[in-house]
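**Student:** Residue numbers (my numbering), protein chains in the order written: chain C, 1 to 293; chain W, 1001 to 1234.
FYI, nobody ran anything at the bench for these hints, they're computed from the structure.
Note that beta-carbon positions come from the ideal geometry of N, C-alpha and C, so glycine has one too.
It is possible that some hints are incorrect.
To be verified - So, partial list: chain C residues that the calculated Cβ filter (under 7 angstroms) puts toward chain W:
| no. | residue |
| --- | --- |
| 1 | 175 |
| 2 | 182 |
| 3 | 184 |
| 4 | 185 |
Said to hold, decoys possible - In silico DSSO-like pairs for lysine-lysine, Cα to Cα no more than 30 angstroms straight-line:
| no. | chain 1 | residue 1 | chain 2 | residue 2 |
| --- | --- | --- | --- | --- |
| 5 | W | 1072 | C | 32 |
| 6 | W | 1196 | C | 88 |
| 7 | W | 1072 | C | 88 |
| 8 | C | 161 | W | 1152 |
| 9 | W | 1008 | W | 1196 |
| 10 | W | 1098 | C | 287 |
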Amino acid sequence: MGFLTYLINGLSLGSVYAIIALGYTMVYGIAKMLNFAHGDVIMIGAYLVFMCTSNAGMPAIVSIVIAMGCCTILGMIIEKIAYAPLRKATNLAVLITAIGVSYFLQNMALLIFGSNPVSFTSVIPWEGLSFAGGQLKITGNALITIVVCLVIMVVLMWFVKNTKPGQAMRAVSEDRDAAVLMGINVNATISLTFAIGSGLAAIAGALLCSSYPSLTPYTGSMPGIKAFTAAVFGGIGSIPGALIGGLLLGIIEILAKAYISSQLADAIVFAVLIIVLLVKPTGILGKQIKEKV
Amino acid sequence: MLEIKDLKVNYGVIQALKGISFEVNEGEVIALIGANGAGKTTTLQTISGMLTPTSGKILLHGTDISKVLGHKIVSMGLAHVPEGRRVFPGLTVLENLKMGAYTRSNKSEIADTLEKVYESFPRLKERQNQLAGTLSGGEQQMLAMGRALMSKPSIVLMDEPSMGLSPIYVDEIFNIIQSISDAGTTVLLVEQNAKKALAIADRAYVLETGNIVLSGDAKTLMNDDAIKKAYLGE
Ligand SMILES: Nc1ncnc2c1ncn2[C@@H]1O[C@H](COP(=O)(O)OP(=O)(O)O)[C@@H](O)[C@H]1O
Ligand SMILES: [Mg+2]
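Taking the hints into account, I'd like the entire structure generated from these sequences.
**Tutor:** Given below as structure tokens:
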């Protein structure tokens, strides 16, 4: 029974990674850049939810919607101010800017919220399910997190395949110049990608802090890096890849913590990543992307 | 239909187009020929809004589009088949063609156009569910042309459609250009294969390091000694 419990907790953590990884992978696929500030948007989202629920006493669902709205706008502003002017700059310049944005968000949160952890109240009040006379417990947090992740994946894959903005995203990710020739507004498409990724980051923040309730300005940083790892693991640029990468990463991390060593868990996660990339450099579902010169 | 007036384009300090003027009338096939690096691609990219000119005018149906953003030009009736085909490799043939109709919204009209494109390019229909990246060069060129036609353009710009193709495909591509023209679409054709281009063109312009140095009736140019020497390898 212990193993099953770990597995479900792993799936739940992995679902959070997968939702965050979506933001990395979509932005990478469409804007061809690594938005290292993405993890910090999660933290901002979590603080927003915290303020709405704990300070203003709003219902969880309303708080999440407000946080999503704010993070969506934040993501679009970051893209417009920090990244859009660098559209033709070198990858290195964009990367350094992204790191700068990440520190900016962390410091802004430090200034506003201070460095003391706040205790996040779960947005999922449900106790969960209990099986086999209480031997196997699945918490509401875990269950809802997994379901929310799967719903997001299905909706997003449908969106990309069947809507006009989704088609534009596919075209821009395949060939930006050719997309312009089809009449696609590339700037608007990239902006929309940031909007979606950042809106999802707010959900990820709320879910993450519901399971791991200590919230600080650095809360987004490690899950951000892990989710980025998950995106690479699954094949960066691929939406199902983000799901598979995220879930695997979460399961490996929780099982390593349970059966090997909680100190070594992160090292094991990254060791697995390195092995996967040695065997398949493009990640599990990754396509060979021809680098343009 | 399309009128270029004193167009100058810079890449940083390098001036790629030094003030060219030419016009394309409705129903014509115009060839723009010139050596590698003459500025042919730059000309087409500037017309379709991928590059912004330093100065000059580009009149499409009388409207100056030199400052219009690239993505807004397709819906004004101008399509561009870019150099190197630039199909979306990870999308199927059908998805590529549908992408060509991105600016259109009437589903049944799009289906009609798709039917016509498939009539002109039966091979694309056979391979409609195949990924574009797995097509041969000639098939990709047909796809790039079909995709451009999906926007129902009144004028199509084509940048070296025969580049890198085997002789059989080259003939087929030129036949297709001829039939696109016969169907009433105006064509501005950039080619290094001057012989074939002049054979199907009504008029032609010769571009040399950013300047138009010669222009005239295609049949006349074909017999011009300087042209024969420089571009027809005779
Ligand atoms: N992106 C660019 N940056 C700088 N110079 C360029 C660029 N693209 C083309 N050029 C230069 O502009 C001139 C015209 O190029 P191009 O229009 O591609 O010629 P063509 O299509 O006739 O071969 C060439 O001298 C080329 O080196
Ligand atoms: Mg060229």
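**Student:** Is residue 1196 of chain W close enough to residue 88 of chain C, meaning Cα to Cα at most 30 angstroms?
**Tutor:** 37 angstroms, violated
**Student:** Does the alpha-carbon distance linking residue 1072 of chain W and residue 88 of chain C stay inside the 30 angstroms limit?
**Tutor:** 21 angstroms, holds
**Student:** CA of residue 1098 of chain W to CA of residue 287 of chain C, is that 30 angstroms or under?
**Tutor:** Given pair residue 1098 of chain W, residue 287 of chain C holds - Cα atoms ~22 angstroms apart, limit 30 angstroms.
**Student:** Does the nearest C-beta of chain W fall within a distance shorter than 7 angstroms of the C-beta of residue 185 of chain C?
**Tutor:** 5 angstroms, holds
**Student:** CA of residue 161 of chain C to CA of residue 1152 of chain W, is that 30 angstroms or under?
**Tutor:** 24 angstroms, holds
**Student:** Hold the hint about residue 175 of chain C up to the distance rule: shortest CB distance to chain W must be less than 7 angstroms.
**Tutor:** 6 angstroms, holds
**Student:** Does residue 1008 of chain W pair with residue 1196 of chain W here, judged by a C-alpha cut-off of 30 angstroms?
**Tutor:** 28 angstroms, holds
**Student:** Are residue 182 of chain C and chain W close enough, Cβ to Cβ, to be under 7 angstroms, as the hint says?
**Tutor:** For residue 182 of chain C, the interface hint holds, since the closest Cβ of chain W sits about 5 angstroms away, which is under 7 angstroms.
**Student:** What's the verdict on residue 1072 of chain W and residue 32 of chain C, does the C-alpha distance respect the 30 angstroms limit or exceed it?
**Tutor:** 23 angstroms, holds
**Student:** Could you check if residue 184 of chain C really has its C-beta closer than 7 angstroms to a C-beta on chain W?
**Tutor:** 6 angstroms, holds
In this structure, only the earlier hint numbered 6 is contradicted, and the remaining ones agree with it.
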